[in-house]
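Student: Chain by chain, the residues run as shown.
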Amino acid sequence: MRTSPSLLSLTIDSAVLNLSNIADLSPLPDHIVIDLFLRTLRAGKLTEKVLKLFIDTGKDEVFSLIQALNIQVTLTPVLPTTIKDDEVDIVIGALRSDLTTFMNEWRPMFSRFHLIIVKDPDLKEELKIPEGFNLDVYGKPDMDQVVGSSTSILFSGYSCRYFGYLVSRKKYIISVDDDCLPAQDPKGFLVDAVAQHISNLTNPATPFFFNTLYDPYAEGADFVRGYPFSLRGGVKCALSCGLWLNLADHDAPTQALKARQRNSRYVDAVMTVPARSLVPISGINIAFEREAVGPALVPALKLAGEGKCRWETMEDIWSGLCVKVVCDHLGLGVKTGLPYIWRTDRGDPIASLKKEWEGVKLMEEVIPFFQSVRLPREATTVEECIVEVANSVKERLGSMDPVFARAAKAMLDWVKLWQSVGSSSSRSSAV
Amino acid sequence: MAEPATATQAAAPAVSLLKDELDIVIPTIRNLDFLEMWRPFFQPYHLIIVQDGDPSKTIKVPEGFDYELYNRNDINRILGPKASCISFKDSACRCFGYMVSKKKYIFTIDDDCFYLGFCYYGQKLNPLIVLMGDLDTLVQICVAKDPSGKAINALEQHIKNLLSPSTPFFFNTLYDPFREGADFVRGYPFSLREGVPTAASHGLWLNIPDYDAPTQLVKPLERNTRYVDAVLTIPKGTLFPMCGMNLAFNRELIGPAMYFGLMGDGQPIGRYDDMWAGWCTKVICDHLGLGVKTGLPYIFHSKASNPFVNLRKEYKGIYWQEEIIPFFQQAVLPKDCTTVQKCYIELAKQVKEKLSKVDPYFDKLADAMVTWIEAWDELNPTGPVPNGKAA
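So the protein sequences, as listed, match chains U and Z.
Under the UniProt record's numbering, the first sequence has 422 at position 422, and the numbering climbs by one with no breaks.
Under the UniProt record's numbering, the second sequence has 275 at position 275, and the numbering climbs by one with no breaks.
Among the hints, a few may not be true.
[What the hints assert, rightly or not] Cβ-Cβ distance ranges computed for the label pairs, FRET-style: (1) U:Gly132 <-> Z:Val332: 44 to 52 Å; (2) Z:Leu311 <-> U:Arg276: 50 to 58 Å; (3) U:Arg346 <-> Z:Pro62: 53 to 61 Å; (4) Z:Glu374 <-> U:Lys258: 24 to 32 Å.
[As the list claims (entries may be wrong)] Some chain Z residues flagged as far from chain U (calculated, every beta-carbon gap over 12 Å): (5) Lys19; (6) Phe41; (7) Pro44; (8) Lys104; (9) Ser302; (10) Ala331; (11) Lys342; (12) Gln350; (13) Asp367.
[As the list claims (entries may be wrong)] Covered by chain Z, according to a simulated footprint, are these stretches of chain U (three or more residues, beta-carbon under 8 Å): (14) 257-269; (15) 275-287; (16) 307-319.
In short, the hints are calculated from the structure, not lab data.
Virtual Cβ for every residue (Gly too), placed ideally from N, Cα, C.
Please put together the full structure from these sequences, using the hints given.
Tutor: And the structure:
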């Protein structure tokens with residue numbers, strides 16, 4: 001005859017069913033916590049959140065169980081996506097040779113996708129990349145083969161990633177700097193930056209009218225009262241700019257002045273940058289639809305003293321302004337906000353400041369220029385738009401500083417290169 | 001210049017910033033019980049209460065507040081024939097309070113809004129709030145945002161927003177660069193880092209979101225639980241839907257533009273008062289080089305209005321806004337409009353010219369806009385005037 005279950009057993013069973021309502025397990029005696037843990041496992045109810053609940057009790061037996069059973073956190077994407085994994089390329093510009101930590105930390109988010117790793121041609125050492133990824137690596141020999149060794153387009157430093165954009169054949173590209181790691185949200189969970197970027201790109205953008213509740217397509221949000229219905233369909237989002245916790249993307253003077261300032265504010269929002277509003281798009285954490293705006297991301301503005309710290313570059317800012325102007329003209333959207341990534345401390349802003357002021361000064365000319373650029377109605381493709389901008393740069397900025405004349409030429413060469421290499425189906429062999 | 005708030009200042013009734021320079025304008029038609037909740041934050045300030053509806057009804061103001069109260073009879077007496085521009089049976093009547101105020105700043109709030117932290121003050125949980133949401137979420141909102149349990153002082157945040165510059169000419173991806181812990185990002189030109197004066201601060205709402213009637217009907221249970229810890233400047237040339245539930249502005253900089261239109265009794269439209277004021281305000285701010293911020297502070301919006309009633313009020317607006325918004329997006333003000341009043345009169349002219357064909361209502365509205373400015377100038381001759389009390 002079966003003995004009826006004890007009251008304790010019934011309670012623990014009930015607890016398994018109500019795990020989502022329990023905030024703290026530490027008051028429970030050890031043996032009950034263990035029993036609860038095992039029953040949770042048996043019931044198949046172990047999620048990352050529940051695991052954290054048990055870990056937070058601080059009980060040794062829980063830890064040894066976790067180790068013994070080899071329980072590991074595997075990340076599932078935060079948001080369900082309708083993107084097929086083979087529509088995405090993750091492009092990483094390698095400015096450092098040892099990518100082991102970087103790749104391992106990003107493994108849960110990256111491993112589903114194909115990666116393109118482009119080695120900075122100035123980097124002498126061999127790249128160290130851990131196993132288990134589906135990737136192609138490109139270096140200087142590939143660049144020479146594809147674009148020829150004499151070209152105004154330089155893929156050195158942070159600009160090496162543009163080579164990856166060129167040779168990719170996927171619809172979407174996601175790109176993060178090699179000194180960034182996954183961030184944690186305020187609840188302590190790892191942010192799946194890839195999934196968030198994909199979500200940003202696959203949901204419409206709303207550049208023509210500002211929604212005060214930010215992204216109307218986010219769960220739990222919508223368009224507010226007063227938002228015209230005709231604009232609620234939105235437009236395609238061509239570019240998604242993410243943000244950074246810890247070391248924010250400040251310029252050298254600002255970072256030097258506020259040496260200890262770190263960005264700890266997690267702003268839980270995605271929003272569309274309004275049309276005709278310019279924005280400094282940082283290349284540290286971006287994603288875009290290659291098919292929609294690929295050629296607009298131009299490796300053009302190369303500072304004379306450009307270096308290997310972001311403080312010493314403006315290439316992404318220039319590129320971003322081109323993209324925004326083109327998107328505004330073609331009726332495409334640019335989003336900013338989530339996802340956050342964690343940017344590790346690196347470099348010395350004061351040393352950068354001593355080396356490189358040029359970028360900061362140039363912005364004073366660059367911004368008014370882009371604010372006044374008007375593209376003709378006849379420019380209906382991204383390539384045509386970039387050619388127009390390039391000509392405008394040559395005309396109006398070329399005489400101001402040779403860096404602009406070079407940028408204009410690089411943009412024109414880039415468009416030609418994109419048309420011959422970027423859209424064809426041939427691919428150069430990996431290193 | 002107010003000092004930046006510190007953690008200790010944010011504790012209970014803190015140092016009152018601008019208490020002699022700010023009026024709190026509240027439109028009401030039912031009662032003012034909600035003032036009890038706000039007492040720690042509002043008591044130092046002068047209140048201007050605009051009583052809508054039946055003037056013979058007495059609205060009781062809780063003890064201890066310094067206030068003036070105006071009902072319809074007062075409005076008629078003070079403005080005479082110009083009283084026609086002030087709406088009746090609609091919270092749009094609040095703009096009368098802006099007109100009679102003598103202070104530099106205005107904060108306006110609805111009588112069904114509470115500050116966050118109310119539900120955290122443990123023992124006296126409002127059962128209605130508990131019923132409406134899952135307790136964990138509510139407590140998390142309060143505890144997560146203010147872990148020490150301190151109530152979020154909406155007024156204090158509005159004041160911070162108004163006293164720090166706006167940056168409408170270039171978007172800062174880290175949002176308000178003047179907030180503690182933030183700054184301008186790389187690529188932001190130094191010449192634009194000084195910013196421009198902030199004319200208005202638009203706060204947001206947790207719990208019942210400010211949706212239009214169709215959205216409310218489709219999503220009756222949706223609650224805004226996302227606390228977005230940001231203040232940002234709305235870029236120049238971009239319009240937005242301004243909600244009057246949680247709004248503060250610099251009366252000296254933009255006051256005359258805050259006319260809330262003809263709504264309510266006898267009018268074909270309602271629930272577009274704040275929208276109208278917001279579009280006019282933004283166009284004028286863009287023209288005069290002033291800034292408008294949106295984002296923090298959040299207030300807790302407790303009462304959901306009836307979506308069917310709302311639909312009847314908004315119905316025309318939903319169609320008209322398709323014309324109104326392109327109108328405002330394309331509106332250009334001539335260079336010689338150098339004051340808010342001149343800009344507003346010019347806008348009124350353009351409304352009459354371009355929107356009357358949409359509906360004769362806009363003809364009336366354009367006239368009311370002019371009347372409003374005339375009344376404003378009459379009650380606010382140039383030069384400071386001491387604050388008076390309602391007779």
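Student: Holds or violated: 50 to 58 Å for the Cβ distance of Z:Leu311 and U:Arg276?
Tutor: Taking Cβ atoms as reference, Z:Leu311 and U:Arg276 lie about 34 Å apart, which means the hint is violated.
Student: Classify the label on Z:Lys104 as holds or violated, using whether its beta-carbon is more than 12 Å from each beta-carbon of chain U.
Tutor: Given a closest Cβ separation of 25 Å, the condition holds.
Student: Examine each Cβ of chain U, and state whether all of them lie more than 12 Å from the Cβ of Z:Pro44.
Tutor: holds, 29 Å
Student: Please verify the coverage claim for the segment 275-287 of chain U: does it have three or more residues whose C-beta sits within 8 Å of some C-beta in chain Z?
Tutor: holds (count 8)
Student: Go check the segment 307-319 of chain U versus chain Z for me, would you? Three or more residues, Cβ under 8 Å, otherwise it fails.
Tutor: holds (count 4)
Student: With a Cβ-Cβ cutoff of 8 Å, does the segment 257-269 of chain U contain at least three residues near chain Z?
Tutor: Satisfied; 9 residues make the cut.
Student: Regarding U:Arg346 and Z:Pro62, is the given constraint of 53 to 61 Å on their beta-carbon distance met?
Tutor: Because 57 Å falls inside the window, the suggested range holds.
Student: Taking the closest pair, is the beta carbon of Z:Phe41 still more than 12 Å from chain U?
Tutor: holds, 23 Å
Student: Would you check whether the claim that Z:Asp367 is not at the interface survives, using Cβ distances to chain U and the 12 Å cut-off?
Tutor: holds, 23 Å
Student: Find the nearest Cβ of chain U to the Cβ of Z:Gln350 and say whether that gap is larger than 12 Å.
Tutor: holds, 19 Å
Student: Is Z:Lys342 truly not at the interface, in the sense that its beta carbon sits beyond 12 Å from all beta carbons of chain U?
Tutor: holds, 25 Å
Student: For Z:Ser302, which was marked as not at the interface, is the minimum beta-carbon distance to chain U over 12 Å?
Tutor: The assertion about Z:Ser302 holds, with a minimum of 17 Å to chain U.
This entry does not satisfy hints 1, 2, 4, going by the numbered hints stated previously.
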